[in-house]
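S.K.: Chain by chain, the residues run as shown.
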Amino acid sequence: MEIKIISFGQIAEITGKELMGEGTDLDSLKLHLIQKFPELSDKKFAFAVNKKLVQENINLNQNDVVALMPPYSGG
Amino acid sequence: MENYNERYARHYSLSDFGFEGQEKLLQAKVLVIGAGGLGCPVLQYLVAAGIGTVGIVDHDYISLSNLQRQTLYSTEDIGKMKAEVASIKLQKLNPEITIKTYQVELTSKNAWNIISEYDIVVDCTDNFAARYLINDACVLLKKPFVFGAIYKYEGQVAVFNSNLKSNKKINYRHLFPNPPKPEEVQNCNEVGVLGVLPGMIGMMQANEVIKLITGLGEILDGKLLTFNMLNYETFIMDISNENLNENLIPQNKEAFEVTNYEVLCGISTKNIKELNPDDFIEQTLNENTLTIDVREINELPKANFKHIQIPLSELNERLSEIKEEHIVLFCQSGKRSLKAAEILMEYFGNQKKISHLKGGIIALQKRKNEQSN
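Going line by line, the protein sequences match chains A and B. Remember, the numbering used here sits 2 above the position in the first sequence when you count from 1. Remember, the numbering used here sits 3 above the position in the second sequence when you count from 1.
Treat the hints loosely; a few may be bogus.
[Said to hold, decoys possible] Quick list of in silico lysine-lysine cross-link-like pairs, DSS-like style, CA-CA up to 27 Å:
no.: 1; chain 1: A; residue 1: Lys-46; chain 2: B; residue 2: Lys-172
no.: 2; chain 1: A; residue 1: Lys-32; chain 2: B; residue 2: Lys-184
no.: 3; chain 1: B; residue 1: Lys-171; chain 2: B; residue 2: Lys-214
no.: 4; chain 1: A; residue 1: Lys-54; chain 2: B; residue 2: Lys-146
no.: 5; chain 1: B; residue 1: Lys-276; chain 2: B; residue 2: Lys-361
no.: 6; chain 1: B; residue 1: Lys-369; chain 2: B; residue 2: Lys-276
no.: 7; chain 1: A; residue 1: Lys-19; chain 2: B; residue 2: Lys-226
no.: 8; chain 1: B; residue 1: Lys-171; chain 2: A; residue 2: Lys-46
no.: 9; chain 1: B; residue 1: Lys-171; chain 2: A; residue 2: Lys-54
no.: 10; chain 1: B; residue 1: Lys-226; chain 2: A; residue 2: Lys-54
no.: 11; chain 1: B; residue 1: Lys-145; chain 2: A; residue 2: Lys-54
no.: 12; chain 1: B; residue 1: Lys-184; chain 2: A; residue 2: Lys-19
no.: 13; chain 1: B; residue 1: Lys-226; chain 2: A; residue 2: Lys-53
Hints in this document: simulated from the structure, not taken from any laboratory.
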């Protein structure tokens, strides 16, 4: 299933700001992303599905939007 | 009207704010940690608004490169302490409130006493060690805190540890349970920042503080707002539906005070000696010492002392060039030199004495400014 992904900060510099990914659940989407962008494996970021933080694996549905959010520290 | 003060006339006449809203601000005690890019606008607007007691924590000196965004400071202030200059300027802006300064680095040893005197904390720091320290202290002391952070053209704002709207208190560790390691993120000294961005994000933080105190509007309670200044896109994500591993936060004051947040963030590493600017200069004069600039070629400012250059990106291939026993490393902010020190440590083990300049060439310049003033 194709899932819309939006990225922020340092992660967007690797993946681009918007892209389509493949996955039926969050774990398979993560795997797909890391295969496509190996650099992501040593970067820190959180996942939000439809603007809600998700830490455990959940099933993804058509039209879900997954955000990749890194921590910012500048001040 | 009793206690009418012309200074706040525009607040009194504002619907849903009025005299009552102003009284709440005057009763409030807010601690601003960091008086840099975010701290300057936060302080200016909170002081102007009439927050009764404002605390400023900062141990840094004003440098020329601060002035493109840290709008409380003037060229003549270079070399002076930020907290002191900020306090003088802010007191002129509003002499009717109390301003307290803490010209110390916030550590797990002093944070408890400082934070416990305030109702709300504003995190305007620029590093993860301080952010996790503030997070944990506020959780333990049950203080709400307003988070703000920037990266290039984007910024984040959130209100943590407040339970105004729900029963569940959300903190930064719900979002990122553990601090990132230095190589997992970049800091602002290395990536640069457009001056207006911390202004915009800082003003959002000040706004959240005022809303928290007065109960006005909706605060970003357990929500993370990410703002892009290039296209004004705003993304708000809800972080309140996840559970937290409570064990990540020290259980009590005693456990908190012995937590070393710099070590947690991988900033301080065993056996790699950190040098302050004075010790660094002394070391570079020693003829048995090899001083290495690990920045990329052409990075400024250039070093005006004896050194060789091996960019971090080439270090792994050029390890055999390093013959000396005493190695001193430096870079812009101290992050890459620490990384380089780790690489050398792994390769040479204890055969060599390895140290690096904490805070980088930026810290060195600050020290020079300080001495010339």
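S.K.: Verify the proposed pairing of B/Lys-171 with B/Lys-214, using a straight-line Cα cut of 27 Å.
M.R.: 19 Å, holds
S.K.: Has the given pair, B/Lys-226 with A/Lys-54, been kept, meaning a C-alpha gap of at most 27 Å?
M.R.: 9 Å, holds
S.K.: Does A/Lys-54 sit within 27 Å of B/Lys-145, going by the straight-line distance between their CA atoms?
M.R.: Distance ~25 Å between B/Lys-145 and A/Lys-54 Cα, so the pair holds.
S.K.: Are the Cα positions of A/Lys-54 and B/Lys-146 separated by 27 Å at most?
M.R.: 24 Å, holds
S.K.: Just to be careful, I want the Cα atoms of B/Lys-369 and B/Lys-276 compared with a cutoff of 27 Å; is the pair within it?
M.R.: 20 Å, holds
S.K.: Within 27 Å, alpha carbon to alpha carbon, are A/Lys-19 and B/Lys-226?
M.R.: Cα-Cα ~21 Å, so holds.
S.K.: Between the alpha carbons of B/Lys-184 and A/Lys-19, is the straight-line distance 27 Å or under?
M.R.: 24 Å, holds
S.K.: Checking one constraint from the list: CA of B/Lys-276 to CA of B/Lys-361, max 27 Å. Satisfied?
M.R.: 9 Å, holds
S.K.: For B/Lys-171 and A/Lys-54, compute the direct alpha-carbon distance and say whether it is at most 27 Å.
M.R.: 16 Å, holds
S.K.: Take the C-alpha atoms of B/Lys-226 and A/Lys-53, compute the straight-line distance between them, and say whether it is at most 27 Å.
M.R.: 10 Å, holds
S.K.: Check the hint pairing B/Lys-171 with A/Lys-46 against an upper bound of 27 Å on the C-alpha distance.
M.R.: Holds, because 25 Å separates the two Cα atoms, which is no more than 27 Å.
S.K.: Is A/Lys-46 within 27 Å of B/Lys-172, Cα to Cα?
M.R.: Holds, at roughly 23 Å.
Hint check: no violations occur; every hint is consistent with the structure.
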